Amino acid sequence: MAEIKVEDLHKEFGVGEDRVVALEKVNMEVRGHVFVSIVGPSGCGKSTLLNILSGIETPSSGTVTITQDNRDAEPGYVFQAARLLPWRTVMDNLLFVQKDRSDATKDRCQKYLEMVQLGDKGDKYPGELSGGMQQRVGIARAFSIEPDVLFMDEPFSHLDAITARSLRRELHEMWRQTRKTVLFVTHDVGEAVELSNRILVFAKGGKLEDDLQIDLPFPRDPADEDVAVAKAQVLRKFEELDLVAS
Amino acid sequence: MATTLEEKAPGVRSAEEERLIALRRRDTRRKWFWRIAGYVVVLGVWEFLSGRMLNENLLPGPTRIVETFPQLIESGRFFSSFGATLTRIGVGFGLAFLFGVILGILTQSRWIDGFFKDATTISLVSPGLIWALVGLVIWGFEPQGWIFAIFMTTFALVTVNIAEGIRALPKDLMDMSRAFGVSTARRQREIVIPFLAPFIFTALRFGFSIGWKVTVLTEVFSSNKGIGFEMRVASQLFRMDEFFTWVLSFFVFALFLEKVVLQRYENKFFRWREEVVS
Amino acid sequence: MSTVVTTAPSSRGGLRHVVGSPLTARVLFPFVVIGVWYLIYYTIDSRIFPTPQEVVVFMWEEVTLTSGVRYGSVVSNLYGMFLISIARLTVGFFIALGVGTVVGLAMGLSKSVDAFFHDWVMAILAMPALVWALFLGLAFGFGHEAPVLTVILAGIPFVIINVREGVRNTPKELFDMARAFDVPQNKITRHVLLPSLMPFFFAAIRYAYAIGWKGLVIAEVFGSDRGMGWTIKFWYDAHRAKGVIGYALFFIIFALALEKLVFDRLADRAFKWRPKMSAVELAEGDFGAVAAEGFLVVEDQAGIDATVSKGGNL
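Residue numbers (the working numbering), protein chains in the order written: chain L, 1 to 246; chain Z, 1 to 278; chain H, 1 to 314.
Note that these hints are calculated values from the structure, not bench results. Since the model is a prediction, treat every value here as computed from it, not as a measurement. Heads up, the beta-carbon is just placed ideally off N, CA and C, and yes, glycines get one too. Errors might be hidden in some of the hints.
Computed spacing ranges between beta-carbons, pair by pair [unchecked claim]:
#	chain 1	residue 1	chain 2	residue 2	range
1	Z	I102	L	E239	58 to 66 angstroms
2	Z	L23	L	S157	40 to 48 angstroms
3	Z	I112	L	I162	22 to 30 angstroms
4	H	I44	Z	L95	33 to 41 angstroms
5	H	V63	Z	I36	52 to 60 angstroms
6	Z	A179	L	G32	15 to 23 angstroms
7	L	T63	H	L109	44 to 52 angstroms
8	L	G32	H	R265	52 to 60 angstroms
9	H	G98	Z	L95	38 to 46 angstroms
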């Protein structure tokens, strides 16, 4: 089982008058086959948190432990912008992050491309694909290394509503089938409510304000009444914490 | 926008802040050190070799060159030569710029674009020397000669940059202002001109820099004044200290133009870009 | 339900369509040029101004070696001169590319090295080829050294600047992505670093050649006794306008051939991953590319500079 543990994580930038606290003494724990959303307004440190978890940034203080059954966990990432190598084909992009290029690996990559309905696009260059397709390649890439833990940084925020919606459904299916631990950053409360078991609420200044459980059955239809009610409740929580107005 | 954990007394800095400021200062100091080192090394080696390994008459040392400089100014030749060259480039490039801007604007029409396409291409790839020789062999010392040379070398640069700017005009801003009923004149003033400013500036800068070189070339062949003429005379008479002094003054002038004139105005032209970027 | 949409009648009748097309304009241009040429011919007060036919005949004779003109004892015709020029250009080009890449890499990677060389690179960049040509011609006599050195000095700052910008502009997000996925360093170098440097390196090559050859011509005019540049000067000294114009046209043809046949093809192959442009954009882009790419690197503190526009054709 995968486990993400964050203890007293603190991150600040700058000096003197320019000093900015990105994350303020964050403590959290995520375990098992869960879909956890991190929600908050811009400037609340969600991307910084993900960067630290992925090793791109180092914390000012505090510790981060990501394990799978007592070994270091294998992480996968989906970024806001697909971050594909534009000069390599789709398949090569997936192979780029694999440990080897054996036939078994290639087959595995092909399988995940098919899961995102891009099985026939392996030979195309990213420049030939739409934004939605590129993002799906990014998702396939993250899943194809069969990671223990999946980090996603607002993966659908650059897409139009219709594409985003179908991608959400695809992602959710993949999550349920592969039983991963997912940490999903978003600013869209509705998206968080639709996808997750648990929502971590961050406020501006990098403070973890609240930890909410969403106990509705999957799959969730955004048009469903229960889902709408849950969304309203979460939004009210935001208002209570005075996070909506500013 | 700062969020602080504790209140700090003004003027008192934490250890970490001090460290960061010190780091930044160290970086700047280091850069200046190496920059000056570069000058020391190059000028030092040059001075050392001149008269020893290098024939002093062929390549005089930096001190010799700098000494000759005031002589040139005193005799009045400096300013009169620059004046002559600047006049040429003013006329030649002025015409090219005018034509280039008009053509750049007209290129919106596909037909005109097609018509002048090859001319622009050829102007962009041909060496200025070609135009200089052609112009000069036909017209000799007459102005048509050097005007032709400067014009042919530079007009395309202007055209291409202006055309690029016009193509990039933000249509959405134009539509928006039309929707709000803004008059055409105001639209030109508030949207088109500021937007085109950087492109015009770039056209000026490159056109001038290329035109300048061609102008000097024409003077080498067919003039009795100007920087090119002086350079040719100096090199033919093997007066290398004068030759290099002219080269140096060419630089001083280019530097002056660049730092004092262009960079001052550059900020005005490019200001809106800065804001977008930051 | 009745159809609401109707197709518009075809907008232009046959002949109007042809006359109004940009292609016609393009074809029309040379005829206009010839027309203007004749106009000048009949109005100018000059004994040496040639008609277009005279120039064409001259060029033809040069090409078919029937002109009876000999330029020198050893190498005496158009082809010989051309080969000499090309040889000099190629040698200078490779040296400029080699040395320039090394320096550019060093300057991109280290701020100290950058500070050390920066002003001198700018100084070399600002120097007109004329100065190199005059000085080197005096220093080395009228042999091969002056032209080759001029090619090197003219082109090297462009190589240095473009390579330096390439190093500075590596796509951080792609590196972060690779590191997040724990991709080993050699893979990162091969698949991320080197491809991201390609457009800059390509610009460096293109400029080393294009600027180099312009410098070559000037050097051959002032500081050599053979080569294409010398030849055009030969006709200039002889006051034969048709010779000068003829050779000017040879130069232009050479430059165009270089661009179209060499650089465009190379660009296509190296950058086949770029999103495909429509045919219209491709046609317009012909020499937009030279200017867009040309003057590629913004020097914030330059004496005279080259400029990066629109991300340098990335």
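query: Okay, which hints does this one fail, numbers in order?
result: Hints 2, 3, 4, 6, 7 contradicted; others consistent.
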